[in-house]
Amino acid sequence: MGVLKMAKNTNIRISLPAVCFVWQIAMIILFGVFIRYDEESDTHWIEHRRKKNISTNLENDFYYRYPSFQDVHVMIFVGFGFLMTFLKRYSFGGVGFNFLIAAFGIQWALLMQGWFHHLDENDWKIKIGVENLINADFCVASCLIAYGACLGKVSPVQLMVLTLFGVTLFAVEEYIILELLHAKDAGGSMVIHTFGAYYGLTISWVLYRPLLSQSRHLQGSVYHSDVFAMIGTLFLWMYWPSFNSAIADHGDGQHRAVINTYLALASSVLTTFAISSISQNNGKLDMVHIQNATLAGGVAMGTASEFMITPYGSLIVGFCSGIVSTFGYLFLTVNKALLINLLITLYLFPYQPFMEKTLKIQDTCGIHNLHAMPGVIGGIVGAITAASASESVYGQEGLINTFDFKDAVANRTVNIQGGYQAAGLFVAIAFGLVGGALVGGILKLPIWGDPADANCFDDDVYWEVPEDEDENFLSRHQNMNHARGIPDV
Amino acid sequence: MGVLKMAKNTNIRISLPAVCFVWQIAMIILFGVFIRYDEESDTHWIEHRRKKNISTNLENDFYYRYPSFQDVHVMIFVGFGFLMTFLKRYSFGGVGFNFLIAAFGIQWALLMQGWFHHLDENDWKIKIGVENLINADFCVASCLIAYGACLGKVSPVQLMVLTLFGVTLFAVEEYIILELLHAKDAGGSMVIHTFGAYYGLTISWVLYRPLLSQSRHLQGSVYHSDVFAMIGTLFLWMYWPSFNSAIADHGDGQHRAVINTYLALASSVLTTFAISSISQNNGKLDMVHIQNATLAGGVAMGTASEFMITPYGSLIVGFCSGIVSTFGYLFLTVNKALLINLLITLYLFPYQPFMEKTLKIQDTCGIHNLHAMPGVIGGIVGAITAASASESVYGQEGLINTFDFKDAVANRTVNIQGGYQAAGLFVAIAFGLVGGALVGGILKLPIWGDPADANCFDDDVYWEVPEDEDENFLSRHQNMNHARGIPDV
Amino acid sequence: MGVLKMAKNTNIRISLPAVCFVWQIAMIILFGVFIRYDEESDTHWIEHRRKKNISTNLENDFYYRYPSFQDVHVMIFVGFGFLMTFLKRYSFGGVGFNFLIAAFGIQWALLMQGWFHHLDENDWKIKIGVENLINADFCVASCLIAYGACLGKVSPVQLMVLTLFGVTLFAVEEYIILELLHAKDAGGSMVIHTFGAYYGLTISWVLYRPLLSQSRHLQGSVYHSDVFAMIGTLFLWMYWPSFNSAIADHGDGQHRAVINTYLALASSVLTTFAISSISQNNGKLDMVHIQNATLAGGVAMGTASEFMITPYGSLIVGFCSGIVSTFGYLFLTVNKALLINLLITLYLFPYQPFMEKTLKIQDTCGIHNLHAMPGVIGGIVGAITAASASESVYGQEGLINTFDFKDAVANRTVNIQGGYQAAGLFVAIAFGLVGGALVGGILKLPIWGDPADANCFDDDVYWEVPEDEDENFLSRHQNMNHARGIPDV
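Chains as they are written, first to last, in full-length UniProt numbering: chain C, 1 to 489; chain E, 1 to 489; chain R, 1 to 489.
Keep in mind that the hints were calculated from the coordinates and are not lab data. Just so you know, not all the hints are guaranteed correct.
[To be verified] Restricting the straight-line Cα-Cα distance to at most 25 Å, the calculated cross-link-like pairs of lysine-lysine (DSS-like) are: (1) E:Lys-284 / R:Lys-284; (2) C:Lys-284 / E:Lys-444; (3) E:Lys-406 / R:Lys-51; (4) R:Lys-51 / R:Lys-125; (5) E:Lys-52 / C:Lys-52; (6) C:Lys-8 / R:Lys-52; (7) E:Lys-52 / R:Lys-52.
[What the hints assert, rightly or not] Chain E stretches covered by chain C per the calculated footprint, using a threshold of three residues with CB under 8 Å from any CB of chain C: (8) 26 to 32; (9) 38 to 50; (10) 83 to 96; (11) 263 to 272; (12) 401 to 408.
[Stated by the list, open to error] Listed next, with one range per pair, are the computed distances between beta-carbon atoms: (13) R:Glu-47 / E:Leu-445: 51 to 61 Å; (14) R:Ser-55 / C:Glu-179: 48 to 58 Å; (15) R:Leu-438 / E:Ile-416: 50 to 60 Å; (16) C:Glu-391 / E:Glu-121: 25 to 35 Å; (17) C:His-117 / E:Ser-55: 55 to 65 Å; (18) C:Asn-415 / E:Lys-444: 50 to 60 Å; (19) R:Glu-397 / C:Trp-115: 41 to 51 Å; (20) R:Glu-47 / C:Asn-53: 24 to 34 Å; (21) E:Ala-437 / C:Asn-415: 56 to 66 Å; (22) E:Ala-430 / C:His-117: 56 to 66 Å; (23) R:Leu-438 / E:Phe-426: 54 to 64 Å; (24) C:Glu-467 / R:Trp-124: 53 to 63 Å; (25) R:Glu-397 / E:Glu-121: 49 to 59 Å; (26) R:Lys-406 / E:Arg-50: 38 to 48 Å.
Ideal Cβ placement from N, Cα and C applies to all residues, glycine included.
Given these sequences and hints, build the entire structure.
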């Protein structure tokens with residue numbers, strides 16, 4: 001049986017190029033039909049300025065948002081990419097497949113989000129500018145989170161499929177939460193993190209591998225792969241204030257979102273170190289916690305980042321989410337050292353003992369601890385903060401601006417807003433669970449070239465891997481070259 | 001005796017979590033009492049704009065300073081963090097503890113700097129915006145510099161104490177230098193680098209370990225740890241123009257600070273390579289020099305960055321500081337290859353032979369060469385440049401703007417300003433020496449869990465360290481798995 | 001013979017310091033004579049503002065360009081630097097010499113570009129601001145591209161000479177292309193990439209080493225050196241939109257350049273993965289392709305980035321350039337696994353079989369595939385896009401603004417502009433070929449300390465290299481310390 005399993009066909013020489021080519025050509029055609037420059041990136045901008053009496057080029061949204069966009073872009077490609085290099089022999093796959101699916105996903109997201117949010121009803125075109133680029137990066141983030149649960153266990157073709165459907169689902173749930181429910185979620189605690197995490201966890205649950213322990217020897221880090229992962233952690237951590245403020249309101253909105261996120265992140269670092277140390281007999285710190293749970297404050301501050309949550313409120317959010325996230329890595333993970341998460345969703349389901357026996361989810365990066373739980377916290381914090389907003393704190397205009405209480409929702413009260421925020425959280429979870437189940441089912445088909453249980457977490461399956469340290473060692477002892485067939489001159 | 005030493009208790013399971021929790025809770029309480037959003041990050045900004053007749057959201061200081069803030073943030077966490085990953089087995093501690101103390105320090109700095117500089121006398125609140133975040137990052141930089149001298153020889157609890165007092169001392173000396181003496185120091189040659197370096201060197205002197213050679217085998221780099229350190233070096237080098245301009249005057253002030261720093265840094269790269277090569281018999285370059293002394297131009301340009309020092313003046317500053325810094329690594333370091341600096345402070349004390357025999361400072365990262373000497377150069381350059389400023393060069397308004405000659409100091413002449421600049425330098429040194437002696441004394445108490453001499457520079461003391469290359473090698477030869485107790489399937 | 005070769009003198013203890021010192025002193029003198037702050041970085045800015053009736057400090061060009069400048073700066077030092085760390089034992093040289101020559105080159109570029117473009121005819125001074133810094137970084141990029149062809153085979157002294165002449169040639173060809181021909185090239189497909197690549201390839205051709213296979217064992221990567229190289233790839237990829245927009249027109253010009261580049265890059269990622277996978281029997285991906293060809297879209301979008309090429313046009317450019325670049329790595333490279341490119345320039349010369357036998361170019365990084373071919377594509381795309389521009393798409397004012405049809409070229413038509421764009425491409429190629437031949441001849445002199453064939457790609461020639469993994473392994477088994485002469489305590 002084991003031998004048969006080993007024989008799984010992982011040759012993606014037809015399927016991966018086919019998917020890349022066909023989908024990219026489809027993108028070109030759809031962009032040709034639908035996507036145009038918006039008025040701020042079109043050469044007619046100078047006429048637009050004159051017509052709207054805009055005094056300076058600086059009022060082009062580009063100058064408000066471009067620095068934040070670049071920070072978000074770094075988080076998507078270096079942040080998420082390097083965070084997933086921690087495995088000893090899956091660094092190529094971590095950073096490389098992250099690169100592939102993000103590059104595809106941002107194109108598809110421009111279309112999907114455009115159709116739902118930005119379709120010009122006059123000419124049926126989507127007009128894009130820098131804010132669309134940011135939103136496309138945001139959308140892709142949810143798929144990269146989902147990748148975290150599947151890291152090392154799926155083929156790049158499966159990841160492309162995961163991204164295709166993930167972006168599609170994202171655009172719909174985002175439309176429901178932000179447009180129909182009119183919930184606020186500037187940094188995406190619900191829309192990005194909660195959805196992305198449950199989407200990935202459910203997929204991982206469908207793709208459960210009972211014999212995954214066959215690749216146990218590859219399910220850990222080595223010293224330098226942990227240092228590489230810290231590059232990802234730190235770029236995520238440093239730029240998270242840009243993430244949560246990138247599409248916030250001009251002026252005080254962006255400014256306040258940065259302050260709140262900066263403080264929440266700082267606070268979650270301290271509680272992560274505390275819980276990590278206290279959990280070991282000898283007080284030693286665990287890199288897994290430091291690489292992940294320190295970021296929980298940013299996730300949990302996603303929804304409320306624009307609100308007047310106060311600086312100390314932000315610290316409290318970071319404090320709690322750092323604790324919860326680290327505890328997640330400690331207690332929801334049966335075999336922590338090997339990073340196989342047999343995850344028991346303690347707080348969502350009433351029949352815990354039943355779940356404990358039944359629900360088997362292999363969550364390679366622990367996204368339940370970093371994105372699902374802090375994301376849900378963020379959604380709840382957002383709902384409470386919204387419901388307790390008041391004119392005395394926000395000012396009359398400030399309250400209207402912050403929650404966009406105008407047009408159809410001009411008469412909404414903060415209490416009702418709080419309710420809609422909570423509803424948004426459930427929509428995000430529902431889309432993650434249902435969407436993940438459906439997509440998981442598709443990915444279970446035996447046509448995608450996924451690796452056998454014994455070959456998981458091994459770059460050698462999909463990459464030309466250079467010979468390594470031992471080779472290296474030899475190369476420095478050139479007197480041994482004869483044995484390797486290299487002629488002297 | 002040796003065996004007894006080895007038995008030193010490095011279990012920080014109680015102390016580290018206690019410090020993290022208690023101090024973080026203290027931060028939350030103090031933030032609750034004291035910290036509020038300022039008028040630019042508060043929802044009342046729209047009313048403020050109307051009242052002050054501000055035409056556009058872009059005039060929110062956020063848009064002037066946020067890109068620089070993010071660059072500084074990267075320097076603090078990736079720059080300093082990765083610069084300290086060069087040791088072969090202390091990369092976790094280098095980047096990880098840097099992360100911890102910076103995350104704590106920025107919170108404490110917002111409070112300390114707020115009390116001294118930004119306390120609103122009407123309501124006794126500190127109103128924070130993006131400039132406060134930058135200043136908090138700056139303040140923490142001085143403690144990270146001090147960490148460089150102690151790298152590998154102290155426990156994380158000691159580092160938290162070092163940071164608590166370091167930030168406190170910083171806020172006081174900064175208040176004296178910038179407010180009372182009205183010295184200018186936009187990039188902190190004196191306030192940050194000189195203070196931070198002498199603070200760390202004095203602590204290291206108090207904590208002198210006569211038997212440190214017991215961990216000699218860990219006091220070097222390996223090939224890839226040197227490459228990791230270059231990540232730190234380059235992000236510091238590239239973003240230093242943002243560091244020196246982040247809180248400079250809007251408009252020409254920030255612009256000029258960038259140009260001056262850019263040029264000084266370029267110049268110090270060339271002299272560093274020159275001295276590094278000339279110092280070896282075979283002309284080979286030393287990574288220690290390239291990783292550190294190339295940055296000396298940025299340190300030395302800290303005070304004068306805003307001044308009309310001229311582009312060629314900036315090149316000269318970089319030229320000299322690169323030479324001095326590299327010579328520091330060569331001659332003030334007895335055992336360079338092993339990175340134990342037995343530092344002889346040649347230029348501060350008259351009785352050199354006496355110092356040579358007596359003053360024993362183990363400076364792991366060579367901060368004396370990178371921060372102390374170039375910082376002092378920067379202070380002197382600032383004083384000279386200020387004293388030689390003239391209306392013919394600066395213009396009447398330019399001179400007033402650059403040196404803030406208004407209110408209480410409206411009648412100050414440039415000569416007097418030069419004198420106050422020099423006085424500021426001595427204040428920074430004094431605070432470093434006295435503060436370091438006091439804090440060093442506290443850190444010498446045998447309660448902080450510091451490692452034994454033989455266990456210095458070893459991540460294994462405070463971290464769960466993965467098994468490594470050898471393990472890795474084995475893992476790729478799965479036929480050997482039987483021997484490791486992993487069952488075949 | 002081999003033994004004689006081995007005896008090549010690589011001692012640069014005199015030559016490297018001499019070059020660094022003398023040239024840096026020359027820079028200081030020339031800067032003293034020629035370089036001054038421009039009106040936006042001078043303290044007289046406040047008077048300038050009043051005179052020109054500029055309402056806010058934000059109109060200082062600093063705020064339009066500084067975020068892009070910092071991104072470009074990261075590309076130059078971390079992007080190019082880390083991209084060249086992929087060799088198993090030349091990471092120090094890759095990132096270190098990149099650092100050295102870029103730091104020298106930006107100074108020399110400020111002078112050379114200043115003399116040609118910015119010399120004030122009143123006082124014969126060059127007035128610099130942030131745009132000059134960006135242009136200096138751009139100029140240096142061409143030399144770093146050329147370094148890519150020579151990586152591992154030249155001494156740092158040769159690289160300094162390559163940079164001195166490279167910057168000089170660049171300034172002249174840039175002047176001819178941008179000023180005399182009035183071609184547009186915001187992102188430098190022609191001026192930077194095409195010139196730089198042919199310059200480097202021709203040098204490499206002149207310096208052809210028939211016995212380079214003697215260092216074959218060092219001409220590959222190890223696992224972690226490939227991960228380091230991905231840092232370079234990703235920072236180049238992420239910040240390329242800033243590269244192509246950094247000196248574009250304020251407002252819609254910068255905005256559009258970002259969108260076009262973002263899309264072209266995304267598209268070339270997918271085609272790179274596709275071709276890489278399809279080219280191997282087992283469908284495995286090759287890190288060499290992912291590290292390089294994914295960037296081809298950015299190179300190819302350099303000239304047309306500001307034009308109304310449309311979003312789908314950008315995708316098509318990325319699509320094609322990703323394919324062409326990856327094919328380059330596959331078929332123009334005889335011994336791919338060993339990274340020795342015996343490059344056959346298929347499309348430039350008619351007598352292909354002749355070329356195939358004769359033209360032997362060893363292109364370490366494959367810059368022909370990443371910069372030369374996509375650069376030429378970019379030039380052609382630019383010419384076609386310019387020639388097909390129309391008032392109906394651009395608007396009357398937009399067309400004039402985009403192509404600067406004013407003053408001497410006020411009456412130029414888009415067709416003629418297209419012709420001049422094409423002419424610009426040939427100028428870039430010609431300067432690369434002729435300049436490279438001349439400089440190659442100079443570098444062939446036996447005085448520069450280049451390594452013997454058997455010692456290429458080895459950091460040990462120019463760097464103090466730490467003992468490594470084996471040492472590391474030993475160090476963790478302290479019971480073996482006795483053998484290494486370290487006393488027990």
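CB-CB spacing for Trp-124 (chain R) and Glu-467 (chain C) relative to the 53 to 63 Å hint: Given about 59 Å between the Cβ atoms, the range holds.
Hint consistency between Lys-284 (chain C) and Lys-444 (chain E) [alpha-carbon to alpha-carbon, up to 25 Å]: At roughly 22 Å apart (the allowed maximum being 25 Å), Lys-444 (chain E) and Lys-284 (chain C) satisfy the hint.
Lys-444 (chain E) and Asn-415 (chain C) - C-beta distance against the hinted 50 to 60 Å: 57 Å, holds
Consistency of beta-carbon spacing, Phe-426 (chain E) to Leu-438 (chain R), with hint 54 to 64 Å: Because 56 Å falls inside the window, the suggested range holds.
Range agreement (Cβ of Leu-445 (chain E) with Cβ of Glu-47 (chain R), hint 51 to 61 Å): 59 Å, holds
25 Å limit on alpha-carbon distance, applied to hinted pair Lys-51 (chain R) and Lys-125 (chain R): Holds, at roughly 22 Å.
Restraint status (C-alpha distance of Lys-52 (chain E) to Lys-52 (chain C) at most 25 Å): 24 Å, holds
Assessment of proposed distance window 56 to 66 Å (beta carbons of Ala-437 (chain E), Asn-415 (chain C)): Holds: the Cβ-Cβ distance is about 58 Å, inside 56 to 66 Å.
Status of the given 48 to 58 Å range, CB of Glu-179 (chain C) versus CB of Ser-55 (chain R): Violated - the Cβ-Cβ distance for Ser-55 (chain R) and Glu-179 (chain C), about 37 Å, lies outside 48 to 58 Å.
Outcome for the supplied range 55 to 65 Å, where the beta carbon pair is His-117 (chain C) and Ser-55 (chain E): 30 Å, violated
Glu-391 (chain C) paired with Glu-121 (chain E), Cβ distance criterion 25 to 35 Å: 27 Å, holds
Cβ contact check, 8 Å cutoff: the segment 83 to 96 of chain E against chain C, three residues minimum: With 6 residues in contact (Cβ-Cβ under 8 Å with chain C), the coverage given for the segment 83 to 96 of chain E holds.
Consistency note: the structure conflicts with the earlier hints numbered 1, 6, 11, 12, 14, 17 and 19.
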